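Peer 1: Sequence:
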Amino acid sequence: MVEYRIDELAQSAGTTVRNIRSYQDRGLLPPPRLRGRVGLYDDAHLARLRLIGQMLERGYTLANISDLVAAWEAGRDVGAVLGLEQVLTDPWTDEIPGWATYEELVAAFGLDTAPDEIEERLRRAVELGLVEPDGDRFRVPSPRLLHVGAELVAGGVPLEAVLEIADEIRRDCEVIANRFVDLVDTHVLKDADLLGADAGRVSEVIRRMRPLVQMVVNPFVARGMEQRVRAELGDKLEVLMAEERADGRVGDPAV
DNA sequence: TTTCTTACA
DNA sequence: TGTAAGTA
1 MVEYRIDELA QSAGTTVRNI RSYQDRGLLP PPRLRGRVGL YDDAHLARLR
51 LIGQMLERGY TLANISDLVA AWEAGRDVGA VLGLEQVLTD PWTDEIPGWA
101 TYEELVAAFG LDTAPDEIEE RLRRAVELGL VEPDGDRFRV PSPRLLHVGA
151 ELVAGGVPLE AVLEIADEIR RDCEVIANRF VDLVDTHVLK DADLLGADAG
201 RVSEVIRRMR PLVQMVVNPF VARGMEQRVR AELGDKLEVL MAEERADGRV
251 GDPAV
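Using full-length UniProt numbering, the first residue of the first sequence is number 1, and each one after it goes up by one.
It should be emphasised that the hints constitute simulated quantities derived from the structure, not laboratory data. The structure displayed is predicted, hence computed values, not measured ones. Heads up, some of the hints might be wrong.
[To be verified] Quick list of simulated restraints, FRET-style, between CB atoms:
{"#": "1", "residue 1": "Leu62", "residue 2": "Met1", "range": "26 to 32 Å"}
{"#": "2", "residue 1": "Met1", "residue 2": "Ser142", "range": "18 to 24 Å"}
{"#": "3", "residue 1": "Asp182", "residue 2": "Val2", "range": "39 to 45 Å"}
{"#": "4", "residue 1": "Glu151", "residue 2": "Arg5", "range": "30 to 36 Å"}
{"#": "5", "residue 1": "Arg124", "residue 2": "Ala70", "range": "17 to 23 Å"}
{"#": "6", "residue 1": "Arg137", "residue 2": "Ser12", "range": "21 to 27 Å"}
{"#": "7", "residue 1": "Ala63", "residue 2": "Gly129", "range": "20 to 26 Å"}
{"#": "8", "residue 1": "Gly36", "residue 2": "Ala63", "range": "18 to 24 Å"}
{"#": "9", "residue 1": "Thr16", "residue 2": "Val175", "range": "38 to 44 Å"}
{"#": "10", "residue 1": "Ala70", "residue 2": "Val17", "range": "23 to 29 Å"}
Virtual Cβ for every residue (Gly too), placed ideally from N, Cα, C.
Sequences are here, hints too, so could you generate the full structure?
Peer 2: See below:
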């Protein structure tokens, strides 16, 4: 088990010792295990600090984060929380900037097919809003989304299938988003005057809902995938891992 | 030396 | 959020 002393933890998380103590006082960070007088922190603390840091960067206040953490922990399952923080804080190498050239897109998605086929894929990507043509370049509204697509392609999923499922997932997410909006609408806002005196409250609710939805959806998606993977690929995976061990290899996972 | 608490700005 | 004093 990896353990950090407070100074090491602060460095790893890109914050300061002072802030860690501050977060602890506010209940944003669980207390460390104690050995004598010194606190020992682990990866869960590091993940939490990264989550806090990311949310602060996005403009949320400590009070906002505190509310969300409290809300989440009120109905949590320990394993799911750890999984959630893992998902939310996993660093992803974002080699694709908010803008990409035609050549960069072709390279990122390994498009070595016929030119007319490339045009077709690109047309579809534009249609889905994944990239937007702008002069001789393309604007990438969500580099992270594009990165996921590139990862899938690198993993052997045909780009055609990636684009297809991107559209399906977008529709599914719209359904989820609408459910949350309906929920708040019927239970919180009720017959509030959206354009009048309650506008501030409405925007506050909306502002707080965004990360909440992300926090709720992430573990469900992770759990759903885990179940499917276990059910359909479990045996194959076991065989592959057994072969890995037999070969005495460490890395080079067979995706 | 480092950690921790408390306090002040 | 940074800094400082006094401890363990």
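Peer 1: So which of those numbered hints doesn't the model satisfy?
Peer 2: 2, 5, 6, 7, 8
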